[in-house]
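Engineer: With the sequences and hints as input, model every part of the structure.
Using full-length UniProt numbering, the letters of the sequence shown correspond one by one to residues 1 to 414.
Note that these hints are calculated values from the structure, not bench results.
Some hints could be false.
Think about it this way: if two alpha-carbon atoms lie no more than 27 Å apart in a straight line, the pair counts; the simulated DSS-like pairs of lysine-lysine are [as the list claims (entries may be wrong)]:
hint, residue 1, residue 2
1, Lys-303, Lys-291
2, Lys-96, Lys-118
3, Lys-71, Lys-29
4, Lys-118, Lys-203
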Amino acid sequence: MDVKTIMDTWTLQMGFPVVTIKRTGGSGKATATQKHFLLDPNANVTVKSPFNYKWYVPLTYVFQDSPQNPKTTWMNMTDKVEFTWPTKKWIKGNFKQVGYYRVHYDDDNWNALIKQLKDDHTVFTGEDRSSLIDDAFSLARAGYLKYDIALGTLEYLGQERQYVPWRTALNSLGYLDGILSDRPANGYFQGLIQSKVKPLADKLGWENKPDDKHIERYLRSSILRAACSAGDKDAIGNATQIFKEWKSGQRSEIDVDLRSLVYYYGIANTGLKEWKWLFNKFLNTSEASEKSKLMYALAGSRKAWVLNMYLEYSLDSSKVRSQDAGSVISYVCFQSCGFSTSTFRLTSLTNSVTRFSTEADLEQMKAFFERSEAGTSENARTQAIERTQANIDWLKKYEDTITKWLEATVTVGA
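Structural biologist: Now the structure itself:
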């Protein structure tokens with residue numbers, strides 16, 4: 001078996017597989033099967049593959065009694081391979097996440113892995129903790145795994161201190177954050193995030209240290225952003241205070257890693273005077289990265305009339321460059337979570353439809369697109385409608401399970 005033969009299955013067909021590992025009865029044997037992974041299980045794959053969507057997969061795995069001693073079994077474009085799996089021990093596939101494939105297990109093994117995370121997460125490498133979370137949420141969204149099990153992979157996070165698992169967890173929660181934003185379970189969902197990020201947010205603080213490594217700065221920025229987004233009062237208060245100190249001249253500058261966060265929540269929790277002051281900063285800034293941060297922050301106002309004024313400004317090239325107008329509209333549309341401010345040419349609407357998840361949203365969207373001034377291409381309209389319909393279908397299928405898990409797990413207001 002030469003390298004080209006192996007690599008052709010990865011370079012000459014699209015996608016990647018999900019490998020499902022299951023115990024064979026009560027014996028010390030296991031089977032692994034592979035299947036083309038599709039995030040949408042109902043997707044119609046029209047592109048033919050010369051390999052029938054099978055891959056040469058170097059399946060690596062570790063067992064509970066030797067978690068740092070990986071074994072390898074090759075899946076040579078076969079549907080199924082067998083190998084030894086010690087009884088009453090968990091298995092973790094794709095050691096250190098070096099392979100380009102997802103791994104699925106039966107519920108018993110998923111629950112054993114979750115228990116291990118809660119008992120002592122350091123048994124797994126940071127890469128393996130990350131891959132467990134990423135695989136669980138991707139598999140749940142694709143219908144392979146129950147969401148209560150996927151959510152269980154997050155229960156240990158209050159003990160997590162590494163950037164990569166946290167970044168994966170926050171990315172995985174992003175879809176839920178959008179689609180649950182106006183649902184009854186949202187308070188519990190935000191409470192879940194708060195309960196996990198707050199201990200680390202308080203520990204990391206708001207001041208970068210001179211000897212901080214880049215990875216530590218990334219961790220601080222991600223955790224503090226998550227804390228603010230979830231409504232943590234201490235985090236929001238700190239961000240707002242730093243903004244006020246900067247505006248008053250008490251601070252000469254804000255750490256670049258935290259700048260976007262401080263700008264945004266400073267505007268969200270102050271008034272028109274501060275908004276106009278920051279907009280003037282935006283007008284007089286030529287540095288592209290800084291201008292982008294300011295432009296995003298200005299959409300953070302909680303006052304609808306200020307957002308409408310910002311939208312009006314986006315149509316005036318003396319205030320907002322024409323090439324930036326689409327970004328302004330997209331930011332405002334995303335923050336306002338609906339169509340109440342959307343009387344403009346929303347060319348970037350499809351970037352914000354994660355939050356559109358009701359039949360009313362869908363009907364308003366269709367009515368909006370029927371207007372000649374909507375300004376979106378036929379393809380963009382179709383994508384927005386399809387994504388909104390997918391969100392509606394997702395809620396019908398999974399919302400009840402997620403809500404029950406959150407209500408049983410999260411204490412709101414504690």
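Engineer: Now tell me, hint by hint, if it's right for this structure.
Structural biologist: Cross-check of the supplied hints:
| no. | hint | in the structure |
| --- | --- | --- |
| 1 | Lys-303 - Lys-291 | holds (22 Å) |
| 2 | Lys-96 - Lys-118 | holds (19 Å) |
| 3 | Lys-71 - Lys-29 | holds (14 Å) |
| 4 | Lys-118 - Lys-203 | holds (20 Å) |
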